[in-house]
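Chemist: Take a look at the letters that make up each chain.
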Amino acid sequence: MNGISISRGCSERVRLTPVVFVLVALALPFLSGCATVQPTYFWGSYQQAVWNRLVENNDEAALEQLHETLLASDKQPLPLGPGIRPELAYLLYQQGKHAQAVSLLEAEASAFPESEFLMSRITTEIARRQSNSAAIKGDR
Amino acid sequence: MRAASLSMVLVILALVSSGCAPKRRQLNQLFAEKPKSILIVPAANQTPDLEAPAVTLALLGIPLAERGYYVYSPALVKVLLADMGLTEAGLVHQVPPQRLNEEFGADAILFVRVEDWSTKYLGIYSSVTVRFAYELVSARTGELLWSARTTASSDSGVSLNPIAMAISAAVHAVSQSYVPLVGRAHGVALYNPSVNLPAGHRHEAHALEYSAVGPVQPEP
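These protein sequence lines map, in sequence, to chains R and L. Heads up, my numbering is the position in the first sequence plus 16, with the first residue counted as 1. Heads up: the second sequence at position 141 corresponds to 138 in my numbering, and the numbers run straight through without jumps.
Calculated from the structure, these hints are not laboratory results. Incorrect hints may appear among the rest.
Claimed, not checked - In the BS3-like style, the derived pairs of lysine-lysine whose C-alpha atoms are separated by at most 30 angstroms in a straight line are: (1) L:75 <-> R:113; (2) L:33 <-> L:75; (3) L:31 <-> L:75; (4) R:113 <-> R:91; (5) L:33 <-> R:91.
Based on the sequences and whatever the hints tell you, model everything.
Modeler: As structure tokens, then:
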């Protein structure tokens, strides 16, 4: 782990490169000393997207990375990791793309039945807000 | 003397070879409830570093999901909690877990506390340390299912000028030198057999790690 060096520029902000994430992810299984762990899921750029959302507050970059991940997953043998679709759904909802958001939430619920409760709650909430705003427009 | 040293070798061998054997801790409640979905809520922070909780949270979701559990996307969870009026990690950690179950349908809640997040300077050397406390709580019963505390630190061995470091901190690039350590601490909590969270229902080792077979610790 000491081999990882991150250059620190004083004038420019250092970006967290995908390389670091990959190194961190690869290092995890070796810490246990047990048999190598194969990844179960395809994650694409999800780690960077979460980083952009939580640490950098850069939703725009996150949206692009999640989109890219979703598209790339078509060609992957591994299934898309849990949480990726709802994360993208939220950002698309923010942009007013409600139908796309709902279809991603439904896809998550069918891929991971454990998530069904929350996914349908959010879907219902989106529909409620849509009908509310339709009612407001109708009043005008 | 020979017998003593031979038995010593055997003891050491036994310790080494048992490295992968599942050790049983107080996990009865976890085994009884078998949570499938885990809600990671924003981390509580006991350090002065404002970025520590976000970095901690951002690096936990993928390894936990790879451990076989359904993990809600942490950034979406943060938004949904804010909708409930829970904008601060401190508030979330005080909410009854059952309330979170009603909102999210999660089986269990993972609370993480950042206990240390520091860089110490020893002459020309610097040493970075992170320490986390993890508590997995049942969202149905509120009972503690699993807990762990892990520390990771690195001695850079590189001469780092504290003034340059302070400037870097000002443009907050420094938190990124913590990334490998956070990854290592999370890795120990999830993968080290002496402390780890047993594999969830989507993991191939689930049946083994959740089974009652193994050296069961006597109830106190």
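Chemist: Any hints this thing doesn't respect? Which numbers, in order?
Modeler: none
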